[in-house]
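Chain residues, written in single-letter form:
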Amino acid sequence: MTEHRADGAPTNVPPAMIRYLSRADVERAGLSMDQVIDAVEAGFRSKGHDAVELPAKTAVHPGGPDSFIHAMPADIRDLRSTGLKWISG
Amino acid sequence: MDALRCVLGSLEEVRAYDPDPARAEALASGAMARHGLRAVVVETPGAAVRGSDVIVTAGPIPHKPHATIRAGWMAAGAFASAVDFDSYWHSDALAELDLFTTDDVPQLEHFRSLGYFQAIPPIAADLGGLVTGAKPGRTSEGQRTMGCNLGVAIDDVAVGAALLREAERQGLGTTLEL
Numbered sequence: 001m002t003e004h005r006a007d008g009a010p011t012n013v014p015p016a017m018i019r020y021l022s023r024a025d026v027e028r029a030g031l032s033m034d035q036v037i038d039a040v041e042a043g044f045r046s047k048g049h050d051a052v053e054l055p056a057k058t059a060v061h062p063g064g065p066d067s068f069i070h071a072m073p074a075d076i077r078d079l080r081s082t083g084l085k086w087i088s089g
Numbered sequence: 001m002d003a004l005r006c007v008l009g010s011l012e013e014v015r016a017y018d019p020d021p022a023r024a025e026a027l028a029s030g031a032m033a034r035h036g037l038r039a040v041v042v043e044t045p046g047a048a049v050r051g052s053d054v055i056v057t058a059g060p061i062p063h064k065p066h067a068t069i070r071a072g073w074m075a076a077g078a079f080a081s082a083v084d085f086d087s088y089w090h091s092d093a094l095a096e097l098d099l100f101t102t103d104d105v106p107q108l109e110h111f112r113s114l115g116y117f118q119a120i121p122p123i124a125a126d127l128g129g130l131v132t133g134a135k136p137g138r139t140s141e142g143q144r145t146m147g148c149n150l151g152v153a154i155d156d157v158a159v160g161a162a163l164l165r166e167a168e169r170q171g172l173g174t175t176l177e178l
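Chains A and B, in that order, give the protein sequences.
Residue numbers for the first sequence, in my numbering: 1 to 89.
Residue numbers for the second sequence, in my numbering: 1 to 178.
Each hint should be verified, as a subset may be incorrect.
Claimed, not checked - Which residues of chain B face chain A? A few of them, derived with a C-beta cut under 10 Å, are: (1) Arg38; (2) Val40; (3) Lys135; (4) Glu166; (5) Thr174; (6) Glu177.
Source of the hints: derived by calculation from the structure; they are not laboratory data.
Glycine is no exception: its CB is placed at the ideal position from the N, C-alpha and C atoms.
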């Protein structure tokens, strides 16, 4: 029988883990520009087949009207990849 | 420059312009050192644009375009990549384009509703249509074409997925508990 915490989450399920990549990790991974172009092309091929979800960006403006932080989620079904782009300017 | 070099094997010469000459010099030096290209720093935007086969603009994005590039500068058959919205292009120069594409039409229309892109020609295709072949893209050598890609999240999600696979393969990163 599954036990649950007060908030309803089961207690005997292993915790979810994420892999955090620092800038140095990203550079060490050494993706080539050809690999980057291939990945972006695959993403747009999916978009061309209507197999992506790409909602409009959502903004907050913590430094006033000339500042922004955009939240930009996307799902690429063919690549089984979902993520959130979070940019500031 | 790295990306251009991947897809344009016939690239021979780079003409770099920046209001800050040191930045133009850095671009030219990189083109020579990293890619073995002939590279020159030019003193005016016109010298960078006139006669070039590929024009890449990447400057500030003011609400009203500074419209530096004028009609008659872009050669027949040239391609322009506008990384900085339509900021660099005068409306008369945009009117000379035979083909205008973007990465995501709803996003461009959103920014048009905010006052950007008031003088662009009709949007012929998005990148998805070009990649799948649903839209033809350039149909003759003499066409003046522009790709104005604003940047969307699928760029980052697709590359992020490739990066994660490589990081897992190499055992890179720090595992954190949620």
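Okay, the hints, checked on the actual structure:
The criterion of a C-beta within 10 Å of any C-beta in chain A is not met by arginine 38 of chain B, whose closest approach is roughly 21 Å, and the hint is violated. The beta carbon of valine 40 of chain B comes no nearer than 24 Å to any beta carbon in chain A, farther than 10 Å, and the hint placing it at the interface is violated. For lysine 135 of chain B, the shortest C-beta to C-beta distance to chain A is roughly 9 Å, which falls under 10 Å, so the interface hint holds. A cut of 10 Å between beta carbons decides the hint on glutamate 166 of chain B: the least distance to chain A is about 4 Å, and the hint holds.
A least Cβ separation of about 5 Å between threonine 174 of chain B and chain A falls short of the 10 Å threshold, and the interface hint therefore holds. Contact between glutamate 177 of chain B and chain A, as hinted, is supported at the beta carbon level, the nearest pair being about 5 Å apart and thus within 10 Å.
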